[in-house]
Amino acid sequence: MKLKIDDCDERMLEREVRVSMKFNGRNVHISPSAKLGSNVRVGDNTVIYDGVEIGDDSIICNDAVLGEPLNDYYHDTAYQNPPLIIGARALIRSHSIIYAGSTIGNDFSAGHRVTIRENTTIGEHCSLGTLSDIEGYARLGNYCRLHSNVHISQTSSLDDFVFMYPFSVMTNDPYPPSSDFRGGHIDSYTQVGVHAVILPGVHIGENCLIGAGSVVSKALPAFSLAKGDPARVVMDVRKYVAMGKGKPYPWMNRFDRGMPWEGIGFDAWRRQQAAES
Amino acid sequence: MKLKIDDCDERMLEREVRVSMKFNGRNVHISPSAKLGSNVRVGDNTVIYDGVEIGDDSIICNDAVLGEPLNDYYHDTAYQNPPLIIGARALIRSHSIIYAGSTIGNDFSAGHRVTIRENTTIGEHCSLGTLSDIEGYARLGNYCRLHSNVHISQTSSLDDFVFMYPFSVMTNDPYPPSSDFRGGHIDSYTQVGVHAVILPGVHIGENCLIGAGSVVSKALPAFSLAKGDPARVVMDVRKYVAMGKGKPYPWMNRFDRGMPWEGIGFDAWRRQQAAES
Amino acid sequence: MKLKIDDCDERMLEREVRVSMKFNGRNVHISPSAKLGSNVRVGDNTVIYDGVEIGDDSIICNDAVLGEPLNDYYHDTAYQNPPLIIGARALIRSHSIIYAGSTIGNDFSAGHRVTIRENTTIGEHCSLGTLSDIEGYARLGNYCRLHSNVHISQTSSLDDFVFMYPFSVMTNDPYPPSSDFRGGHIDSYTQVGVHAVILPGVHIGENCLIGAGSVVSKALPAFSLAKGDPARVVMDVRKYVAMGKGKPYPWMNRFDRGMPWEGIGFDAWRRQQAAES
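Protein chains in written order, with this note's numbering: chain C, 31 to 307; chain G, 31 to 307; chain V, 31 to 307.
Hints are computed from structural coordinates only; laboratory data are not their basis. Some hints here could point you the wrong way.
Because identical chains cannot be distinguished in the list, a pair is counted as satisfied if it fits within a single copy or across any two copies.
Simulated pairs of lysine-lysine, DSS-like, Cα-Cα distance not exceeding 27 Å [as the list claims (entries may be wrong)]: (1) K65 x K269; (2) K277 x K248; (3) K248 x K269; (4) K275 x K65; (5) K275 x K248; (6) K65 x K248; (7) K65 x K277.
Isolated chain C (complex conformation) (with noise of 0.2 Å):
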């Protein structure tokens, strides 16, 4: 069931005594055309303008802004705001702005101060650190995790189980400046060190490791490990071997925080899958 504004104000206002701590419908604005499910609770200060459509049991903290109006708002006055639709369960952390026209799955996570512009596609269980930046004309798959500061530019996409970290970038523009965008591509299960850089149009395959400050330009195959400016593969990951930890790739038989294989395996969750299609 959706809520109409109203019947949200009036749940905070109940929430407002139970909850002294935050959550008190402080300068709080929501346009009436929102649609927020059930228990939404929104913090202080923060803007939801036209056209927001919010899954149940979300919470929006404070000083956000969802629902930017694009560009065109500012000098078109017959603009309309695109619909910007969030799934269920979403915690958007305090000070994060995502535009109208956006499109972002269930289960979803932001930091703090987190920009995603429009055109934007988001799957599942996806979380954003704080300071990511998705400058729109992006998608994203299924449990992707973007740490702090990750830059994603336009037209770029991942896959799902990519994991990015601090400072890395997917670039677009091959011979700036130009309006010929040329995002790259990450296929699953991937891993971008910190201040990676991937150069526009480069498709990295399944599975690859890429090292810290690296410059990727060129495809790299998949179960690439990858380091250095240019990256150069210095091997296949299913070779690499860590002091006194085995052969920690591919992760996701060492790692379930989160995943849909949490508790019952990798292996185990892939036979699943596979019975279920």
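Here the structure of chain C is known, so what remains is to put chains G and V in place on it, guided by the hints.
Below, chains G and V alone, put in the same frame as chain C:
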């Protein structure tokens, strides 16, 4: 004609009726000594302090701080906020902070969470991307573009049409820590790639292209295509042939979006400029 | 003497008359359980949650969040906000977010949009630049300075007088993704250049100088001048001769701004310290 604050508030009240989505005048604080031009719109929760002047037809979005006081304010009871002058048609997006004591030309555009400190001079038609950070005591010419997360240290300067890409940085301290700041200088038309570092006091000539992730430690002559750590001149940019694209540099004949030669071509514009001067 | 919130509000009202520019008490929310010292000023739109203690003569600027609740708050109805202790004379600039559950010493200074998460211990006289991001479970000694956009991962630690420059980062995950965090450690007086990456678990000795853009993958002995990817020791910093400057390292005899040896010299201060201990 400069409006007084009372007129401005009245206009915003009218606007509130017409435009339900933004510019509601909610929780806006404008100093009585600020001078807002005609048709200036101010977003919710924004604060404009003493001595700020904003040109006609400008838009200041939500949660911004203009005229942020300098450090002395916190300790000196006789402190007076120095003026912040912003030209006409500015578009300053939400969560940006611009200090008192700077001058910004017409047609300025700022993304979200931009920081500009005092004693900064910015020419006309400049744009600063989300999270860009100008530390003050810096100079940008006309038509400069800093993309997201560019860091400009004190005493740095850029001529006209210089574009810098995400996470690039101009440094200023040759022997950290010191107070002997020597910012670098970049001549017109030069493009600085993502994650590039310009070391203190370095002078980069006109029309250079600095590769992603470079560390530029020495002066570069005009038309250098340079990359690496330390950056070396790979070739003259005019000799660079892009696959299937011909010679993309200098870039002014193939890119004109927002440039003064838009629609007429760079050479014709240069002839016009020469004839006028 | 600790003031109760009611006294504090009264003081802010008086102040509103005296100082028209800032600290108007507009839209400020302070938890009744917060304890503000004498002469603490709080900027507009700032929120201070349960369990925050702020020392005398501190300044908290606009749009800040102090005592940001931990993740458990969103899921645990019995959640109690752990204390956030901030010492005397803090200056926390606008848009900064500091979580509950940390301790910060006297004379702390934060730029804009700083993020500090829980279980962080910061010594006295530290300063954090605009956009710096401490992920929690970290430790900074005394007189540390993080410039803009420095990223400190969980379980990292710095001793005293460590300075880190923009976009430098301490990482903590040797085999990403894992939950086996091993932050690095930096000994006193070391300087970490812009865009430098300290890889997980690396121990950097006293008085090192890490070049811009370096990737430090192995322990460095004291007095190393190291640079490159991977970083190699180029020379002993004590042998480094700067053009026309003599030998700039160690730096403590030529730089004293804000240091405890300001005006008396490093060696005299060291003798004082030795005599006192």
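Do the hints match the structure? See the list:
no., hint, verdict
1, K65 x K269, "neither (51 Å within a copy, 56 Å between copies)"
2, K277 x K248, "both (26 Å within a copy, 21 Å between copies)"
3, K248 x K269, "both (22 Å within a copy, 22 Å between copies)"
4, K275 x K65, "neither (49 Å within a copy, 48 Å between copies)"
5, K275 x K248, "between (30 Å within a copy, 18 Å between copies)"
6, K65 x K248, "neither (44 Å within a copy, 53 Å between copies)"
7, K65 x K277, "neither (48 Å within a copy, 51 Å between copies)"
Going down the numbered hints, you'll see the structure goes against 1, 4, 6, 7, while the others check out.
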